[in-house]
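Colleague: Spelled out from the first residue to the last, the chains are:
There are 2 protein chains.
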Amino acid sequence: MKDITIVGAGLIGSLLAIYLAKRGYTVEVFERNCDLREVTPKRGRSINITLCDRGLKALDGAGVGQIVRNISVPVYGRLIHQENQQLEYQPYGNNQEALCSVSRNELNRVLLDYAQNNFPINFHFNEECIGLDLSSTTITFKNSITGNILHRQANRIIGADGAYSAVRQRLQQRSRFDYSQHYAAHANKELLIPASAQGAWTLKKNVLHIWPRGQHMLISFPNVDGSITCTLHLPFEGESSFDSIKNKQDLQHLFVTMFPDAMQEMPELVQDYFTNPVIPMVTVCCSHWTFKDKIALIGDAAHAMWPSYGQGANSGFEDCAIFDQCVGEYRDNWIETFRAYEQQRRPNADAMGMLSEQHFVEIRDLVGNYEFQLRKKLERKINRLYPTRYIPLYSLIAFTQIPYVEALEIEKQQKQIVDELLKIKELEQRIDNPEIEDIIHKLMHSRNVELQKVSTNLLEFAR
Amino acid sequence: MKDITIVGAGLIGSLLAIYLAKRGYTVEVFERNCDLREVTPKRGRSINITLCDRGLKALDGAGVGQIVRNISVPVYGRLIHQENQQLEYQPYGNNQEALCSVSRNELNRVLLDYAQNNFPINFHFNEECIGLDLSSTTITFKNSITGNILHRQANRIIGADGAYSAVRQRLQQRSRFDYSQHYAAHANKELLIPASAQGAWTLKKNVLHIWPRGQHMLISFPNVDGSITCTLHLPFEGESSFDSIKNKQDLQHLFVTMFPDAMQEMPELVQDYFTNPVIPMVTVCCSHWTFKDKIALIGDAAHAMWPSYGQGANSGFEDCAIFDQCVGEYRDNWIETFRAYEQQRRPNADAMGMLSEQHFVEIRDLVGNYEFQLRKKLERKINRLYPTRYIPLYSLIAFTQIPYVEALEIEKQQKQIVDELLKIKELEQRIDNPEIEDIIHKLMHSRNVELQKVSTNLLEFAR
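Line order of the protein sequences matches chains A and B.
For the first sequence, our numbering assigns the number 3 to the initial residue and increments by one for each residue that follows.
For the second sequence, our numbering assigns the number 3 to the initial residue and increments by one for each residue that follows.
For reference, chain A alone in the conformation it holds in the complex:
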């Protein structure tokens, strides 16, 4: 009864394996791909992760947080490259809050090493899940090298096998399984800005560079080795799309027009572009995540989200930490463990999935927009005056562990204050005048009741 089968040895499957092994369970992990530590990483599929508090705390809980920080680069804000070539810096917070930029492959390697070096976890690579019989909890794997078929009668199966989860596909065939998958009209592609000859970053480091251009966008993430991973967002179809860019000239035209400064640092642009795959963005929502006390889904398998808010891996890691808490609380009562886990996580993951879709439009269209920037300035200002009673949504998501749903509730209240302030004429010129501060105090005071509740929450979570 103490053995658990995990499908997927990606970020989430690896971390969950560590948590469960720490609890004394016998953990077997089956992964369809080869062991990524044994091959040269495939270029173009390792788009960077930005770890925030949620992810880091979950890694800390498994004892691997510091090791991950060591291979990460802290980033303190966004540097917006405007169309007119001007730069606008937007810090993530008022207190040097930072995200940790880390390569997905490197992070996965570190987790696998940590799991294997410290626990008796068995990893089986090249094993693709091709069947799952729900009545007997028998899972079938096909080895992609030997062709061998393995039928495994498992006590308990956790599907951590990503957005296109095979485990979830079997659950989906049951009646009453609610499910949705929604693709963006945009996709992304990985590009690289290599380190300088001295191994240094060629763009300002410790920030995410963003080139927002409406339907098109470029974002850069620093790596520890001095290189910078970029993601290019384009529509699938239409003008200047993945579909329309057919050759070197088309590509160069796009970059010269939209991202000339980035292009200068991309000697391999053409090769990267025409080699690397187009990666779609999909939101997955489903219910239920669990089947009896036998099967559960976690991470992208349960709730894939667009990468725009940087919460995909973070929310999956947080799933692992909460799952572990539930295991601790209901020890070996798996019906209750699964129930509590799903009850805590599903509404939050669904909310974050929706927010990620909204935020994609925000960063693409609005980051460079005047009102958007003014709003951000106001939020930072109110937060400086009320550091524990007014925390901008982005900070609630990235720098607290307040459940996503509660963060959105808090933001509803907060937004009303900024909306009020934005009605003030010539606000930008007057923003640092004492009169504006007075109005902020009054507004915060008049909303005291609502914010009282918020602030109790915030005080508990704020750093």
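Since the hints were made in silico from the structure, they are not lab data.
Please note that a few of the clues may not be correct.
If several chains are the same, the list does not tell them apart, and a pair holds so long as it fits within one copy or across any two.
[Claimed, not checked] Result set (DMTMM-like, lysine to aspartate or glutamate): computed pairs, CA atoms no more than 20 angstroms apart in a straight line:
hint	residue 1	residue 2
1	Lys-378	Glu-413
2	Lys-294	Asp-245
3	Lys-378	Glu-430
The hints should help you fit chain B onto chain A, whose structure is shown.
Modeller: Just chain B now, with coordinates in the frame of chain A:
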């Protein structure tokens, strides 16, 4: 190039086969079940269809409308059985508008006979689609009797294989296929009120009887042979649910409490209840319905909806008529045919799917509700005064062929008028006073501009 493979010989597959054969195409239809004309119909799976204008017009277009009317019973309204045993009659319209109640099995038989007797259509039964290779348009069937496997390289495949469509499942595995399935927390079960010894209806005929009881509901549909098919709606779980009713006593308690008059006419209630399956209700939305000029989905395979608005089969039949129009317009240019078909039908089907979910709550909770009834009365009154300029939503859906999306737009305008009227104090007592008519005239006049547009549409479609 003139051959078309249809998957599914249910209502929609059969009608589409007729339309396409009339156009001169060679049509082969593959159905997973046996030929329902060769077996005694399975009880409990034939929940009745209520055909409205959309469905009937589409059947007329294929030449089979009159044959279907001959096996149908017209129903002119709902007879609500209140909890206090009082009856409340709600006509569907002011002009004897009627739905046609018909058994699903009988309707399917008639369509199959008509297809086979009039056209060289090949029907292949017991052939389950078990594979579909998109690149070569090769579809694989397994014969459920012989076990034979058939690989068919098809020019064009139309999936008319229902809510759990195998064709759609293959499309779903492609990237960028948006998909959602959403189950109700309620399900239904078929029950029967047999004809009297004289072959007559034992409940008032030519109406749908409805017993709305909040979480529980019974609806009855008359058949030509004097029997009446009922559907019992219960929650899956909780108090008085499909889950909680374990034995004869539980069942009788439910019926004695909620549906005592219906129960008197159900001598086989216990046997029916414990024999017939629980049928879930699912809404399916997906995009795209078509793949190149090779594959298309139609009917429930493209857009399953809860049966609450009675639009499942009607919208599927309407799909067939529109599909046929597109074939006529773009003859053999299948890229254009598919594009035009999907463009016309998908937004409408998605809107109808949402409306069906909303309407389920309405009929279950509201049909017996005071404000709801007053609203219906007002709508009928305004419609009598402005028969071509104010048509209640239900009539727009059931008794016109205005696209669903437009019907909903029109209703938005109309609803504001009823909302205004409902603010009048003691409205019910005064509803037939001339002063109320004056207010209606004023409101209609003041909204002249918006309604002008509406009325142009309505004049075109109103009967």
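Colleague: Hint by hint, say whether it matches the structure.
Modeller: Results for each hint:
{"no.": "1", "hint": "Lys-378 - Glu-413", "result": "within (13 angstroms within a copy, 40 angstroms between copies)"}
{"no.": "2", "hint": "Lys-294 - Asp-245", "result": "between (45 angstroms within a copy, 16 angstroms between copies)"}
{"no.": "3", "hint": "Lys-378 - Glu-430", "result": "within (12 angstroms within a copy, 53 angstroms between copies)"}
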